[in-house]
Each structure stands twice: as structure tokens, then as C-alpha cells.
Amino acid sequence: MQLSRVSCRFGAVEVLQEISVSIARGEFVAVVGPSGCGKTTLLNLLSGYEQPTSGLVERRGQVRMVYQVDGLFPWMTVAENISLGVRDLPCAQERGTQVRDMIRLIELEGFEGHYPHQLSGGMRQRVELARALAGSSDILLMDEPFSSLDYLTRLRMRQELAHLLDKRPRTVVLVTHDIEEAAQLADRVIVLTGRPAQIRRELSIQTARPRALTHPEVVSATRVILTELGIEDGAGDGEGAR
Amino acid sequence: MADKPNSIRSVVYPVAVLGVVAAVWTLVWATGVFHESSFPSPFSVLRAFALEIRTGRLANDLIISLFRVTCGFSIAVLMGIPMGVWLGQKVTPRLALLPIVNFFRNLSSLAWIPFAILWFGVGDASTIFLIFLAAFFPVVLATLAAVASIPAVYSRVAHDYGLSGLEKLIRVTLPAIMPQIITTLRVTAGLSWLVVVAAEMVAGRDGLGFAVMDARNGLRIDLLLVEMITIGLIGVAIDSVLARLTKIPSVRWGYER
Numbered sequence: 000m001q002l003s004r005v006s007c008r009f010g011a012v013e014v015l016q017e018i019s020v021s022i023a024r025g026e027f028v029a030v031v032g033p034s035g036c037g038k039t040t041l042l043n044l045l046s047g048y049e050q051p052t053s054g055l056v057e058r059r060g061q062v063r064m065v066y067q068v069d070g071l072f073p074w075m076t077v078a079e080n081i082s083l084g085v086r087d088l089p090c091a092q093e094r095g096t097q098v099r100d101m102i103r104l105i106e107l108e109g110f111e112g113h114y115p116h117q118l119s120g121g122m123r124q125r126v127e128l129a130r131a132l133a134g135s136s137d138i139l140l141m142d143e144p145f146s147s148l149d150y151l152t153r154l155r156m157r158q159e160l161a162h163l164l165d166k167r168p169r170t171v172v173l174v175t176h177d178i179e180e181a182a183q184l185a186d187r188v189i190v191l192t193g194r195p196a197q198i199r200r201e202l203s204i205q206t207a208r209p210r211a212l213t214h215p216e217v218v219s220a221t222r223v224i225l226t227e228l229g230i231e232d233g234a235g236d237g238e239g240a241r
Numbered sequence: 000m001a002d003k004p005n006s007i008r009s010v011v012y013p014v015a016v017l018g019v020v021a022a023v024w025t026l027v028w029a030t031g032v033f034h035e036s037s038f039p040s041p042f043s044v045l046r047a048f049a050l051e052i053r054t055g056r057l058a059n060d061l062i063i064s065l066f067r068v069t070c071g072f073s074i075a076v077l078m079g080i081p082m083g084v085w086l087g088q089k090v091t092p093r094l095a096l097l098p099i100v101n102f103f104r105n106l107s108s109l110a111w112i113p114f115a116i117l118w119f120g121v122g123d124a125s126t127i128f129l130i131f132l133a134a135f136f137p138v139v140l141a142t143l144a145a146v147a148s149i150p151a152v153y154s155r156v157a158h159d160y161g162l163s164g165l166e167k168l169i170r171v172t173l174p175a176i177m178p179q180i181i182t183t184l185r186v187t188a189g190l191s192w193l194v195v196v197a198a199e200m201v202a203g204r205d206g207l208g209f210a211v212m213d214a215r216n217g218l219r220i221d222l223l224l225v226e227m228i229t230i231g232l233i234g235v236a237i238d239s240v241l242a243r244l245t246k247i248p249s250v251r252w253g254y255e256r
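Chains A and B, in that order, give the protein sequences. Residue 141 in numbering that gives the first Met the number 0 sits at position 142 of the first sequence, with consecutive numbering throughout. Residue 158 in numbering that gives the first Met the number 0 sits at position 159 of the second sequence, with consecutive numbering throughout.
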């Protein structure tokens with residue numbers, strides 16, 4: 000995926016300004032920035048849901064998105080929701096196998112016939128991830144997917160996501176306001192400025208996933224991001240993260 | 000602690016209330032304050048009930064009224080839901096037609112009785128027409144509102160997973176509005192039942208509404224109460240049948256969140 004000098008404006012409001020990013024196949028990129036700076040707009044441009052005012056968005060591969068609000072269809076069971084992700088497979092038997100595999104992967108065996116309202120928030124989010132990762136999509140776009148979960152469930156979901164991506168690798172763009180989440184999961188973190196958003200800084204994080212919260216590179220990256228966002232001063236800036 | 004209903008209590012409590020009502024009714028009647036012709040005893044009403052059942056008049060009127068409600072209500076639902084879905088999805092027709100739909104929704108269908116008699120005569124057709132008018136516009140408006148309030152995320156997910164056109168309608172739009180549709184069906188079925196009685200009083204030669212008028216004209220208050228009790232019981236029965244739709248697993252989410 001590539002954004003070349005992309006700007007986006009809604010009426011008089013300029014949301015994104017001259018954003019250029021290139022995302023390699025299989026890379027996990029997290030986007031952080033102040034609230035309302037245009038992170039979701041950036042994701043909508045990548046998904047093709049919105050068009051840039053100027054600049055070019057290039058994307059190769061099938062895109063799936065995980066939304067901030069509950070995107071599971073409440074009238075479908077867990078299995079039916081996940082089967083949406085494999086609906087383009089021609090063979091019914093293969094679709095069934097894939098759905099069962101995904102349910103096993105997210106450890107929800109026995110819940111196939113449950114409806115989303117019968118599951119906890121964390122379970123629902125796992126089903127949503129399974130639906131997005133089922134089948135043969137290439138790109139996973141995530142818009143603050145864990146923001147409605149409690150802190151402990153969020154920590155667990157990060158491990159789950161790392162585990163799922165290990166089994167089903169995808170190119171991922173994660174928009175989040177959770178700095179720790181970005182540092183714990185992403186290969187690269189893009190820090191945006193306030194509106195109109197521009198890229199303030201990019202950090203690479205080399206340590207393989209899953210990463211502990213206390214891993215020096217995660218701690219260091221978190222501090223760098225906080226400094227860039229003006230939350231902390233720059234003491235110890237950049238140690239372990241580039 | 001929350002007061003949870005259970006199946007035994009949901010039967011015992013209403014029966015107990017019914018018993019109290021019957022006891023009070025009997026006591027008031029026994030005091031002799033009211034004349035029998037204006038305040039019949041529960042026993043004379045029960046006798047009238049038995050007579051109406053034995054002669055088959057009650058069943059006959061009941062079947063006629065139920066037939067009319069079924070026809071008028073079904074036509075209203077079969078036409079109203081598609082129209083509501085269409086108006087809910089398309090901005091231009093909605094802007095054009097919503098004021099007209101709202102206008103007719105606020106116009107009591109009973110106001111159409113003179114036209115119904117002029118156009119269709121006295122009998123089934125005019126009554127069915129009036130029931131249709133009573134149910135159609137509320138169904139359209141409720142469906143429209145339900146479609147318009149479908150969370151945008153469902154449309155995006157449908158798009159992400161390649162659901163469009165008829166498949167999106169069947170797998171996303173209709174299931175998403177089903178809980179609200181069921182609630183609307185319950186309300187409009189009650190409305191239809193109210194209208195059939197009123198319409199038959201004026202534009203009918205038979206049916207429960209006509210039987211009410213007939214009993215009144217014959218000063219048979221006991222028969223009048225028989226018809227009224229039957230109308231009430233059938234109304235409750237219709238609602239309890241439709242209420243069962245809320246137990247369908249794929250619509251439970253609409254009542255539990």
C-alpha cells in the first residue's frame with residue numbers, strides 16, 4: 000500500500016495534509032496521533048471508502064476492516080459471522096473447514112451457535128478478528144478495535160492478535176489512541192500531528208511479537224511517542240527505537 | 000433483587016386478578032344498585048356466552064372479523080414493509096413521499112368509512128380497505144425509521160464482505176430491522192383489530208363489530224358484554240401469537256441489548 004502526497008479536506012476543514020507512506024507486504028503499521036487528527040480518515044482512504052482531495056492512494060490486495068464499534072452482525076451466530084469471511088471460496092466443504100479452523104484458532108469451540116449478544120466484549124472482538132482473517136484477504140485495517148474493552152481484556156487481545164497474525168500473516172494498519180498497544184504490536188509506528196495531520200515521526204520496532212509491555216524497546220518506543228505527542232518531556236528519547 | 004417472571008406466576012396472577020374482577024362484579028350486581036338491563040350479572044353473561052357458542056353465531060362473527068383483519072393486515076404488511084425499506088434507503092422518494100405518508104398516518108381510517116361504503120359497498124371489501132388504511136401507513140413509517148437507523152457499520156461490513164443488492168437486503172437490511180418490524184406488527188395488529196370492530200359497526204352486515212351494534216340495538220347488554228369480552232380476548236390472543244416472534248433466536252438481540 001502506498002499513499003503519495005495525500006491530502007483530504009471535508010468542506011473548509013483540512014484533515015490530512017501531504018501524507019506520504021509506503022507499507023510493505025506483511026508489515027504491521029500503527030498510526031497514533033491526537034484525538035480527531037484524522038487517523039480514521041487515513042484508514043478510510045486506505046480502504047477506498049473515501050477518496051483523497053489530492054494525491055494518490057495505491058493498494059494491492061483484498062482489504063478487510065475491523066471497526067471501532069461492534070461490526071458483528073447480531074442476527075448471525077459466531078459461525079455464520081465468520082463464514083462471511085470465506086464466502087468467496089467456491090467449495091462449501093472448504094468453507095466449513097476454514098470456519099472451524101478459525102473458531103479453533105480463537106478458542107471459541109462450543110460457541111459456534113452463540114449470537115454476539117451472548118458473548119463477552121473480548122469474545123466478540125476475537126470473532127470479529129477471525130472473520131477478518133478468514134479466507135484469503137491481504138490487508139487488515141483496524142480502527143481502534145480494542146478501545147471499548149477493559150484494560151486487562153485489551154492486554155489479552157493484543158496477545159491474541161499477535162498469535163493470529165503469526166498463524167495468518169497479513170499487512171496490517173492499526174489506528175489506535177493506545178500508545179502501549181502501538182508499541183507492543185507494530186513493526187512501525189507513525190505519529191501524526193494535530194489537524195491537518197502530517198507525519199510527525201516514524202519509529203521502527205525490531206523486536207519480534209509477542210512483546211512484553213516491559214520489554215525495553217516497547218518501553219522506549221512508548222516514551223518516544225508520548226514525547227512526540229507532547230505528553231512527556233524528551234528525557235531518554237529514542238533509546239532502543241529508531 | 001430483580002423480580003423475575005416465571006411461567007407459573009404469569010398464569011396464576013392474571014387468573015387471580017380475573018377472579019377479583021368477577022367477585023367485585025358479582026358483589027356490585029348483588030347490591031342491586033344497577034338494574035339488570037344496564038348491569039347484567041356474570042351468570043347471565045355466561046349463559047349468553049353459552050347460547051352464542053351453541054347457536055354458532057359467535058364463531059361465525061369471529062371468523063368473519065378475523066378473515067377481514069387477516070386480509071387487510073396482510074396486504075398492509077406485504078405492501079408497507081417493501082415501501083418502508085425503499086423509502087428508508089432512497090433519499091429523494093423519502094423527501095417526496097414522507098409528508099404524504101405522515102398525512103395519511105394521522106388521518107383516522109374511520110374517516111374513510113363514507114368513501115369505503117361508496118366505493119366498495121357494505122361488507123368484506125370496505126372493511127378490509129379500512130383495516131388496510133389503518134395498518135399500512137404506520138407499517139411504512141416504522142419500517143422507514145428502522146431502515147434509516149441501521150448502524151452505518153453494518154453497511155460497511157456488508158460492503159467489505161461483498162454483500163450487495165438483493166443479497167444485502169436479505170442478509171443484512173431485513174434482519175437488522177426485524178426486531179423493530181415485529182414490534183410494529185404487534186402494534187398495528189392491535190390497531191387493525193380495533194378498526195375492524197369500529198368499521199363493522201358502521202359498514203358491516205356481520206362480524207363482531209356488527210354483533211356489538213346488533214346487541215345494543217336489541218338492548219341485549221349481556222350479549223354486548225359477550226362480544227366485548229370476545230373482542231378483548233382475541234386481541235390478547237393475536238398479540239401473544241405475534242409476541243412469539245420475539246423468541247426467534249436471530250431476533251433476540253433486538254430485545255436483549
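What the hints contain is simulated information worked out from the structure, not anything from laboratory work. Careful, some of the hints might be misleading.
What the hints assert, rightly or not - The calculated label-pair distances, taken between Cβ atoms and stated as ranges, are: (1) B:Lys89 / A:Arg4: 34 to 44 Å; (2) A:Glu108 / B:Val10: 31 to 41 Å; (3) A:Glu26 / B:Gly161: 49 to 59 Å; (4) A:Glu106 / B:Ile228: 55 to 65 Å; (5) A:Arg155 / B:Ile228: 57 to 67 Å; (6) B:Pro98 / A:Glu26: 28 to 38 Å.
Heads up, the beta-carbon is just placed ideally off N, CA and C, and yes, glycines get one too.
Hint-by-hint comparison with the structure:
1. One distance hint, 34 to 44 Å for the beta-carbon pair B:Lys89 and A:Arg4, holds here, with the actual separation near 37 Å.
2. Taking the beta carbon of each, A:Glu108 and B:Val10 are about 40 Å apart, inside 31 to 41 Å as hinted.
3. Remark: the range hint 49 to 59 Å for A:Glu26 to B:Gly161 is contradicted by a beta-carbon distance near 25 Å.
4. The hinted range of 55 to 65 Å is satisfied by A:Glu106 and B:Ile228, whose Cβ atoms lie roughly 57 Å apart.
5. Checking the proposed 57 to 67 Å range against A:Arg155 and B:Ile228 shows it holds: the Cβ atoms sit about 60 Å from each other.
6. Our hint of 28 to 38 Å for B:Pro98 and A:Glu26 is violated, since their Cβ atoms are close to 54 Å apart.
The structure shown violates the earlier hints numbered 3, 6.
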